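*Asks:* Chain order of the listed sequences is X and Z. Be aware that the first sequence starts at 1, since it is given in the numbering used here, and climbs by one per residue. Be aware that the second sequence starts at 1001, since it is given in the numbering used here, and climbs by one per residue.
These are computed hints drawn from the structure, not numbers from a lab. Since the structure is predicted, the reported quantities are computational estimates derived from the model, not experimental observations. For glycine and all other residues, C-beta sits at the position ideal for the given N, C-alpha and C. Treat the hints with caution; some may be incorrect.
Claimed, not checked - Derived coverage of chain X by chain Z (criterion: at least 3 residues anywhere in the stretch with Cβ under 8 Å from a Cβ of chain Z; other residues may be distant):
# : region
1 : 79-88
2 : 110-118
3 : 156-166
4 : 259-266
What the hints assert, rightly or not - Some chain Z residues close to chain X (C-beta under 7 Å, calculated; not the full set):
#  : residue
5  : K1006
6  : T1008
7  : R1010
8  : R1014
9  : D1018
10 : A1038
11 : L1040
12 : A1041
13 : L1048
14 : H1053
15 : I1158
16 : A1160
17 : P1161
18 : I1162
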Amino acid sequence: MENRFSRQGFLGETAEALYRAVSIGIVGLGGGGSHVCQQFAHIGLERPIGADPDKATTTNSNRLVGASWNDIQDNELKAQIAERLYRSVNPVARPFFSSKAWQEVQVELRGSTAIIGCVDSIGERSQLEAFARRFLIPYIDIGMDVHRSTSGDHSISGQVVVSMPGGPCLRCMGIVTDTRIAEEAHQYGAAGPRPQVVWPNGVLASTAVGIAVQLLTPWHSKQPKQVYLEYDGNTHTLSPSPRLEYLVGTTCPHFDDHEVGDPYFLRQATH
Amino acid sequence: MTAVLKLTQRMWVRTIADLRRPHDLAKERVGFFSCRQASLAGGGLLLLAEDYHPVADAHYLPPLMGAVTIGPEAIRDALQIALTKTASIVHVHLHDHSGATRFSKIDNSENAKLIPDFFNVAPDVPHGAVALSQTHAFGQLWDRQYAPPRTFDQIVAIGAPIRFLWSGSWKTDSLAKAS
Chain X
1 MENRFSRQGF LGETAEALYR AVSIGIVGLG GGGSHVCQQF AHIGLERPIG
51 ADPDKATTTN SNRLVGASWN DIQDNELKAQ IAERLYRSVN PVARPFFSSK
101 AWQEVQVELR GSTAIIGCVD SIGERSQLEA FARRFLIPYI DIGMDVHRST
151 SGDHSISGQV VVSMPGGPCL RCMGIVTDTR IAEEAHQYGA AGPRPQVVWP
201 NGVLASTAVG IAVQLLTPWH SKQPKQVYLE YDGNTHTLSP SPRLEYLVGT
251 TCPHFDDHEV GDPYFLRQAT H
Chain Z
1001 MTAVLKLTQR MWVRTIADLR RPHDLAKERV GFFSCRQASL AGGGLLLLAE
1051 DYHPVADAHY LPPLMGAVTI GPEAIRDALQ IALTKTASIV HVHLHDHSGA
1101 TRFSKIDNSE NAKLIPDFFN VAPDVPHGAV ALSQTHAFGQ LWDRQYAPPR
1151 TFDQIVAIGA PIRFLWSGSW KTDSLAKAS
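Taking the hints into account, I'd like the entire structure generated from these sequences.
*Replies:* Shown next, in the form of structure tokens:
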């Protein structure tokens, strides 16, 4: 029987072994994260680590990959849906998908070679990035939004960003700001449901997966050192953000290279 | 128990550049990573290099055996870092060739004498030693002062791309040199 991964042989001789051995963290198993899970299952990643405390509801059904109508009716846990999907594609995989908040499985997440954040809020992004920096984990963030202008037109936008330890962070790139965090806190509970649709999630999630695969098993030598892609869902384009120009050669002032590791580390915990 | 050593690619490049500098007395240079620690799931251990400390030029002695001998001041400096920061100290030197590398007999012998010393000032954290080649690495971890060392399962330089300098469970493809 032909090797099931023979069509991705261009990723290198050791790619298959690598994807059996490493872990990718997927935080948020909803609209974006469900796409990410599906794709990594196909790629052959055997040890994903996912976290999402939410349950599937009717309003998820327009975009939650892998969710059946019964799942929606039963308010199934997104983590359970993700695990079922994963194992159906890759039966030898050993996924760790938790229905707890990612902060409660952060010891498991520390073992990630990269983390893809598919979370909704600026605050969560900021916390997740800080966690990834502390354990020297490349963090790939995706997000989308739909805005309505005063004319009544809607615009779909989004981003795919890599926050690499030692490189510019989400604050350097203007994605996380104190103003946005404060606005988000102010609107908590007052905002209506945010528009979310499946196709931009697919674009952003697929791009994030491609970036992660490129970090792990590059297939060419000209790897971009910094990635900040802006998605315009009206023109259906992904383009490097103009902000990158101002970041070339800069040092991130927001994260200290020395602030890594677990400040409460106890050697006894390792035995 | 999984043992992983991670450093940023920037630190990896900086370290190799420093180790390649010529020295009047020593045939090769050495240095130390100071590392922070974290537990991994399943009892594993993660060491995160937070800084690289080259041995000062004046702290090299004429080599007694092998290519390099460092004086007591160099070791005292490293001990001080371990004590002050409760840091895991990882001794590092360069095998200046491309490809996979291992410890030589002299490396093993010298590591066995040097690394346990760090437990005298930082007994509650592990310490180790690493040999870098231009493209790969190999290293060992001492979890306790007089326990035999174990080989790191992974040594990873974090950047674009992620460079698995050593991965015990699978061979790394030919890697580009540090740049």
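*Asks:* None of the hints should be skipped; say for each whether it holds.
*Replies:* Evaluation of the provided hints:
no.: 1; hint: 79-88; verdict: violated (count 0)
no.: 2; hint: 110-118; verdict: holds (count 4)
no.: 3; hint: 156-166; verdict: holds (count 4)
no.: 4; hint: 259-266; verdict: holds (count 6)
no.: 5; hint: K1006; verdict: holds (4 Å)
no.: 6; hint: T1008; verdict: holds (4 Å)
no.: 7; hint: R1010; verdict: holds (5 Å)
no.: 8; hint: R1014; verdict: violated (11 Å)
no.: 9; hint: D1018; verdict: violated (16 Å)
no.: 10; hint: A1038; verdict: holds (4 Å)
no.: 11; hint: L1040; verdict: holds (5 Å)
no.: 12; hint: A1041; verdict: holds (5 Å)
no.: 13; hint: L1048; verdict: holds (4 Å)
no.: 14; hint: H1053; verdict: violated (12 Å)
no.: 15; hint: I1158; verdict: holds (5 Å)
no.: 16; hint: A1160; verdict: holds (5 Å)
no.: 17; hint: P1161; verdict: holds (5 Å)
no.: 18; hint: I1162; verdict: holds (5 Å)
When held up to the earlier numbered hints, the structure conflicts with 1, 8, 9 and 14 and fits the remainder.
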